[in-house]
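Asks: One letter stands for each residue in the lines below.
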Amino acid sequence: MKVYVFFEGKTEEKVVNKVCSGISVTKKIDAQGKGGLHRKLADILTPLLEEPQPVACLVLRDLDTHEGETPERIVQSLNDALRRMFEQRGFQVSPDLQPLADHQNVFVWTSQQPAMRVALHIATYRWKPEFIKATIDDYMLGLALEPTIAAALAQSQRLVIEPDRLAAKITRELPDLLTQNGIQLVEAKDYVRLYAAVIKTHTSPAVFAEKVLEHAQETTIRQHFAALYAALDTWERP
Amino acid sequence: MIDRLVIHRFRGIRNGHMDHVRRLNLLIGPNNSGKTAILELLYLAGTSGRSAQFIREDLLPAERGALQATTSLRSDLPGLEPLPRLRLRHGRKAVWADNPAVVTPEGGIEVNLAALAADGVPAPWPSFRLGAPLPEWGTRDVYAFTKADLQRLALFSLDQPAALDVSMIPPAIAAAGVEPRAMRWHYLWEPDWVYRWERQEPIDHLAVWSEAGVPPAPDRVLFYDAQTANAHFTKRFSDWAYRTIPDWYEQIAHHLAHVFPDLAGAKVEIRDAPDAQKGTTGYIRFPGRTPLAIDHFGDGARHSFKLLATLSALAATVDEQRQGMLLWEEPELCQNPATLVRLLDQVIAIVTAKPIQVFLATHSLEVLAHITRLLQQNDILAQESLVFRTRLHNGTFSASRFDVDNLTAWLESGLDPRLVEDSGMPLQFHLREAGV
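For the protein sequence lines, the chains are L and B, in the order given. With the numbering used here, the residue at position 137 of the first sequence is 137, and numbering never jumps. With the numbering used here, the residue at position 208 of the second sequence is 446, and numbering never jumps.
Where hints are given, some of them may not hold.
[Stated by the list, open to error] SDA-like mimics (lysine to any residue), calculated; alpha carbons at most 25 Å apart, straight line:
(1) L:27 <-> B:495
(2) L:2 <-> B:269
(3) L:34 <-> B:654
(4) L:40 <-> B:258
It is worth saying that the hints were derived from the structure and are not from the lab.
With the rest of the complex left out, here is chain B (with noise of 0.2 Å):
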């Protein structure tokens, strides 16, 4: 599991870091606060998992010139790409066509970060390359990256490097006291994930951000949010399941019965979604009737199905080796109070059940009660989950952490821990023990 975070100028984040971190972590705070800059920092790294070999011809022959690194993967659980399906969210097309990289005749990539260089601030070095592993002997080449690569990534990632030249670590990296060999290094180089104000140093030119603690298998980490809720599933992603989980329509079908107990008895089914679109979807087949899309049923069933069905999946094939990372964007989206409880609960059964860590950006105050609710009833998934709540001042990301107790206290005190300011708003808080 990761357990701290030091970030240098990631979208919004100027700099900041995240401590202290658990197994299950709730995002709140402020619009802006970097809610989300967080669980898209935790989506890339996590899914930087494509082999490579950094090279940075200047430092040549010196040990921290040629690094073990990798790179994005080509698509994650659901099926998605990374970065594209992120520039998505912010309004971009998904491939990215100015990427100042070319295809060197070895099959690496190489990147031009003099293209960078504006304001009068120098890039933070000319190029690298990133070498793609060799081929087995005889085996097709799987490894090489391709023009279509190069328009899909912007990241390269370092896990624990045994040296790091100094040009790559940012100052206010470095001021946080962060040993290069304890962390993985995360370098993004698209202009549009950079904070670009005020640039000082050549490395302002990229977002670099480190974390410390286990990382999660990077094609297991599930970022869940409305895109994802509003998408069919990707073929890859429903074939390699239905082929890999056991019993995985019985599964989602279980889940999804605890969270709409009207479904209870229904079969479930993925298969091609309707009017010859790309993909799947998934269906509902009560005995003795035609099955019907779960996109012709209410928002909040679609989106939990959905979920439920890419959670399973992923609940099904971590362990402790390769451990799984659920980052969950707005639990509270198209969901009645009382639905959201239940899937909470099931989301909870599910991770706790397994090495999944997760972080959850939330504004409703319903996930927040009913999470404390739930550490209240668990000593030990208390210890092992803490409420940030975020802030984003003049560029600077910090946190404030809430545990078990804290909530409590703030909850039945009348007090909200979403807001910094009083919105004067006219709640009342009552939390009360389960039976009375």
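Here chain L stands alone, though its shape is the one from the complex (with noise of 0.2 Å):
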């Protein structure tokens, strides 16, 4: 089976690979972003129907409920690309991404003919109700405030300081002050680049995001992701 997962920047790309690591990736494709997405996953998948190999897909999308995204919506139009993609070669197929009865985040469908999977994982966990939109970066925040890896990513930049001093200056002291600035913090990378500047490592969300994995026990990483790896696993199933 070849398999094939789509992304909308670098921090996922991060994610996926450690999340992958165990299956046989055949390409991670970094879409740059939602709105090419569904246009790059019909053009790299669409020979593929001729052939008889069965193909499987992964797609990981944000929420971004601020632009009145639901995922309704994203699922909606996700079996519309894939139906345009079918019909291109001659397939009436009807793609019914359905969720999965224990994680409502994901959605799964698979075809005979062509064969082919498709899981979609949409981030919809919020780090912070308030936030504007939901994205991989809530997970990677709420992993990386675990109080274990706090403390590893503190000691690997040779900074001495408690994980819950750490986490209160992110998440109260910091946002506190920025607000009383008039600067406000509404999504969850806003908060991942104050960590990354608190611990002194490089800010990008996607870099953090690879230092954070880094530090983590895989069963802590199991746990946050859990919806991911049931969308992976649906892929094991006949």
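Hints given; two lone chains; assemble the complex.
Replies: The following block contains the structure:
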């Protein structure tokens, strides 16, 4: 089976590298934003529809609620993109992504002819309910604030600070100071950058994500990305 | 232009099809996946233009017992004999001495298909005749078949036959929903060209394929491969081209200078090959210097010269009624990537200005990437082009299609359209916009 993973940006790539480490992924494809993701997916997968080898694809999407996105709309949009792709090669198939029972933000669909498995993971978790959108960074922030990981990150940067003290600076003290100065923190990425600044590491969320994942135990990663693992597990089923 | 092929037992292809064929077609894919077989099949079909009457005595007087047909021309555009040149490609003697055929007193040939029976599977039908057209009263008979033809002919074609006996339609082609009247049918009886394993039906003794669309004019098919590149021109071709095409030498020089800027200003001539060899070859003459045979240059220059010379002759002699076909195997042969890009540019410029259908088989990423870039820059060409990744599994041929969007997405994402499996090659692709 050929496995393709499509995502919006670099942070997802780091997560995918970790989560898919036990899977033979044919290609991880950074669509560089959600705008061209479905188009890229179709352009890459269309020729494979005429080949005998089954294809599996995983799509990672953020939930941009501030732009009116809902999980239902994302699902419908991917269904439509897949249907158009099949039509291009003469397959009359109606994709119908359905949520997993245990993870309502993971949607899967399987086709026999052409042989294809599709899994869609929508980042629906918000580390703070007030955030304008839900992204993979919310998951990363939650993971990075785990005391053991926060301690390991601080230690790796030779900082002497207790994990709860570090968390307080990132989640309360600095945000409060910024707010007092009229600067609003509206998404997880803002907090991720604060975190990176406090521990004096590269402030790119993707690099930060890589560092966090390096210092995390697999069991902890599995807890935080359980839905993503569940999406991959669907490929193992007959 | 041909737009569809349905194939039964041609070379390594037990069955298969190729749909949505376009004006510019690139064949990519693993070794032994049928690319060359497709080129050869198109070549044999394309050069089938010698008129004949197909007669099956066992079906007469039914209409399907006597049909208008064609068989291979005596020579193709470059002056080569179609079947012999392909036999040579495959390590055989040029002529087929064992053809189970005889010349009839009327100047036709009679083929004894019963001689092909093997493995307990009977011949598809006992025999057939190819009758030659009658000459005009009082003129020399140029149509009659001769003994020499027997060693050079193994194919007949039926163009949109009004009726076709069921014994002549392979079950796999029938299953593909092919309507005999809508297609041009080709039958090849030389066993070397027929997929030989697991014969079940009498028709399995023959390679049969049908094509839809408008075929090229039979004498306007150019099969350019390493063999062509390494051989001299036939005198027949160079004399014809010199007489027929105004400023042929100047055209060659013009195209060549685009591919090799150092040759700008040089004059081109085609003259007898050196050392009293058969045929002719190209000479490059700079002002004030003695001419130098193109064969003295590097292989890349020689290949380019011979392609541009034959292609410019083809382009000058085609029109909508007599369309052309270029079958080009491995354009990358002997070419530096920079030269290759300029050669591709010239060839594409020539063929897009004329009604010439192109089939190009390649293993080269440079060819694929450059063609992709050309398609990105030319919407019309993009709509008229496809890349086919060929596949041959247990004798079944198929091809997956890549249009310009597929190619762009694959190459930009670091995927190699040539490869079915990951080869682990440390390659990264980066397509740039022009001027960036």
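Asks: Hints first: check each against the structure and report whether it holds.
Replies: Results for each hint:
1. L:27 <-> B:495: 42 Å, violated
2. L:2 <-> B:269: 21 Å, holds
3. L:34 <-> B:654: 24 Å, holds
4. L:40 <-> B:258: 22 Å, holds
Violated hints amount to a single one, hint 1; each of the other numbered hints is respected by the structure.
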